[in-house]
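The hints should help you fit chain P onto chain X, whose structure is shown.
Top to bottom, those sequences are chains X and P.
Going by this note's numbering, the first sequence opens with residue 1, and the numbers climb by one from there.
Going by this note's numbering, the second sequence opens with residue 1, and the numbers climb by one from there.
Hints in this document: simulated from the structure, not taken from any laboratory.
Check before you lean on any hint, since a few could be wrong.
What the hints assert, rightly or not - For lysine-lysine, the following DSBU-like pairs were computed, each having C-alpha atoms within a straight-line distance of at most 30 Å:
no.	chain 1	residue 1	chain 2	residue 2
1	P	K246	P	K220
2	X	K375	X	K392
3	P	K547	X	K362
4	P	K430	P	K547
5	P	K182	P	K220
6	X	K367	P	K547
Fair warning: this is a prediction, and the values are worked out from it, not measured in the lab.
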Amino acid sequence: MRISTSSIYNANINLLNQQQAKLLHTQQQISTQRRILTPADDPIAAARVLEISQADASNTQYATNRATVQHTASLAESVLQSVTSLLQDVRTVMVNAGSGGLNNSDKQTLATDLSGRLEELLTLANSTDGVGNYLFSGFQGRTQPFVNGMAGVQYQTDDGQRMIQVGSTRQLAASDSGADIFMRVKNGNGTFIAQAATANTGSGIVSQGTVTNPALLTGNNYQVAFSVVAGVTTYSVNNTTLGAPVAPGTPIPYVSGQVINFDGLQFDITGTPANGDVFTVAPSTNESIFETISNLITALRTPNPLGGTDAATEFTNSNNHALNSLDRGIDKVLTVRSSLGTRLRELDALQSAGEDMGVQFKQTLSKLQDVDFNKAISDLTQQKISLEAAQKSFLAVSGLSLFDFM
Amino acid sequence: MGISVFGSGLSALNAAQIGLSTTEHNIANANTPGFNRQEVALATRLPQSTGAGFIGQGVDVSSVKRIYNEFLSTQVLQGQAQASKLETYYQQIGQIDNMLADSEAGLSPALQELFSAVNNVASSPESQAARQALLGGAQFLVSRFQSLNQRLSDINSSINGQITNSVTTINSYAQQIASLNKNIVLAQAAFNGQPPNDLLDQRDQLVSLLNQEVKTNVIKQGDGTLNVFIGAGQSLVVGEQPITLKTVQSLSDPSRLEVAYVSSASVIRVQQSSFQGGNLEGLLTFRSESLDAAQNTLGRVALVLADTFNQQHKLGQDLNGALGGNFFTQAVPLVNSNTANTGTATVSASVASSSALTGSDYSLRFDGGTAYTLTRLSDKTVTVLATLPQTVDGLTIATSAGALAGDSYLIRPTVNGARDISVVISDTSKIAAAAPIRTNASLTNIGSGRISEGTVNAVFPVNVNLQQPVSIVFDSPPTTFTVTGTGIPGSPAAGVAYTVGAPITYNGFTLEITGAPAAGDTFTVTSNTNATADNRNALLLANLQTKNTMTGGTASYQGTYAQLVSQVGNKTRELELTSLAQTSMVNQIVQSQQSVSGVNLDEEAANLLRYQRAYQAAGRVIQVANTLFDTLLSLGG
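So here's chain X without its partners, still in its complex pose (with noise of 0.2 Å):
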């Protein structure tokens, strides 16, 4: 076949093109460190790159949020941490107080002290985050959550629980309200709350009582009134939200000690009641942990807390009474603690999977984007042999002339 002689030389300068342009490809995937050095190279792998780079860094966003979360709940934490001490010492004065055998002077001294403790209380409780955050005080952040004032310790702000976002799907507590931990705290025994009237005159003791069928609990008031005739102590049962006796219906002879028992709840009462005294049975209502230790002072500062004549018995009441508070507060507070113990616990779950995924998704970058040195120089040698090899016969090609040997 003929040849033109200027094919030759096309060809040859086709293919000494084609090769450079694949050295330098080589080359630029070196010097850049990158496989893909535009779309067109992959395609595919540039858009997952690009998905995964997206994961990549929202996992590295919800390491920061993990960071806020921890370290709002750490200080809630400690902060609780305080409260339950200061409550569990509050508790032992109260035991103490209530082992009888105090004179007035001791009661005024208690109170002194609980005082005291009401205000280190109060001051926990508007606990701020560092920079001007209140911990308890819901949404509104700048706002002091609780203010003592004429009516004792209120609750300024709101029930607003702030979330954050600490993996893909997982929202995790920044904050607790307020509420939740100091307000909300039911009196009595968390049910229903048996009370000695106030204007009593008997020694009569009521204990807190308990639940025996929750099925059976109406969620009405009652009233046990006792009548001591003929030196024969009797009692009977009355609702007085239905305006109704309780069955049996006919007075019930008292025995100090021995459990009164109707429509799913019992309670006993001790000592000895005197004709027209009256205990009440109400459902639980909020008694907030300052409202229970507030009382608790007033009860150690009045001689007769009640209104009543026998100041002992109506001592022991009070003090039962905030005791039974007191314990479902350092509950409440136990309960707080412990889920933000399991907050924490699960940030550091989060974050050793966070850090796991992280260290996967560079992996699958790494694999999607960057050269692999050992492939690429071992096709740079191969590229620039073969380079060369087309350049020698190149030349040994067009060296050849019929016009050299005229």
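Frame of chain X; chain P shown alone:
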């Protein structure tokens, strides 16, 4: 006898000389583009007839002809038109490919920056620094959108420039071909129909160059002229007459140029589909196929981001206690009335549902009466709209009166999405990180009922009574409750049945109550005043990053952008490979063509020797004849 020897010797000398100069011409033009090697056609002279038979009279040079294979040349033309189209398309799309090449310089880092900033606001909603960083992140994203879009717009303008260049080149080639036609006819007439080889080569070369700009068909005429046709049979050169092309503004989109004929004072537009190869088609196809798609997709990401972010932002509450406003400005769909429209109607388009947008452009045509025909340009889906306004693909199209049948409009819903996005908010306190309402359970509640935080319904405009205080008080027995507040239908609305966990919706909010509330238990919904630590709306904004808000709820912002990158990458790769394949195919054909018509220097060297020898031999013949004459003359002496 001696005379005839002289005669034939001279003819041989002459033939060898012509052979030498033709060889020399071939050597000289070995590298001239479009040159076809030439050959001397020799023929024996008419012999002298004698009784002794026919006695040869020497050689005649009948012609110098070029070695030209029309079949191969046509094949080269066909291959080259396709190759130059692919090559141009590849070079153009390579610009977009390079723009998207660096994952650090694309859209994703800016998207990430925005949503990291939103997350940081969610972590510390009261922090001015975090809020300022969010505005910075939004600004960063907006300027990234704008600069990517600007790059695409620049490419669009440069396409206009290249089309103009291409048309100028085509006109110049057409003119040259026409004048060569004229010269060839003249030359042939002047020299007894001998082919003017070098003029023919020049004309063929011009046709080949023209063919690289736009696919060309040629028809040879009897008089030696060449008629040139482009596109779907439009003539460009007829005999000695060239026809002029020019660029004109597109009727449907004034921002782009189209090609048209200038023919006796009227302008005839050439349909893009009638070009079937060459640079010009490469440019036009790139513009309509890849550039528009890239700009529309980028614009769609910007538009949907602005829309969804704004909607969520408007459901929140800023630091001043007011409902959030727009965070980003959102582009409006572009509607171009065809400049050839005769009616006076104005068509407008607005986004009804950004997630349903397709990213395609639409052409709307008025059919008369009230009916319109809407064509989605990406897949040519035709929808007949009996009346306007109507909503199609998330786009509401409306019109004023005055359209005349045949009027048409080009609707480009997302093309300006990336150009027109900007950040509206400059005051950090206007960032709506909080929810506008909060719920509260009264501390005196006895039952175990709990109220959820409540959410704002995504209905626009937001209910005016959203932030009015509402109370929900449980009746006795607590199987029903009473709702009181401004905006509650029939307030106080008593006896609403209580179902545990069922959604309770009033005044544009929805909440749930769970557990067993007791009679008299009270729950309230109030305006979320002083809520510096509330991050509920910021969390919802942060969730938009991974939410499938695009393409009918199947893709996220980043997913759509990644799709664009992969589409451009795929197309570039495809063009790289096909253009490489096409070029090497053209090279093969050119090689075959050159093997016939090209100059081989070794061959020419041999020819030089051949004609040199022939010349020497002819010289010797003359010498012999001379000697013969001398012999005769000496006889007489």
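Evaluation of the provided hints:
Using a Cα cut-off of 30 Å, the hinted pair K246 of chain P and K220 of chain P holds, with the two alpha carbons roughly 26 Å apart. Taking the CA atoms of K375 of chain X and K392 of chain X, the gap is near 26 Å; set against the 30 Å cutoff, the hint holds. For the suggested pair K547 of chain P and K362 of chain X, the alpha carbons sit about 23 Å apart, so the restraint of at most 30 Å is met. Taken as a hint, the K430 of chain P and K547 of chain P pair is honoured in the structure, with Cα atoms around 24 Å apart against an allowance of 30 Å.
Distance check on the hinted pair: K182 of chain P and K220 of chain P sit about 13 Å apart at the alpha-carbon level, within 30 Å; holds. Straight-line distance between C-alpha atoms of K367 of chain X and K547 of chain P comes to about 27 Å, which keeps the hinted pair within the 30 Å bound.
Comparing the model with each numbered hint stated earlier shows that all of them hold.
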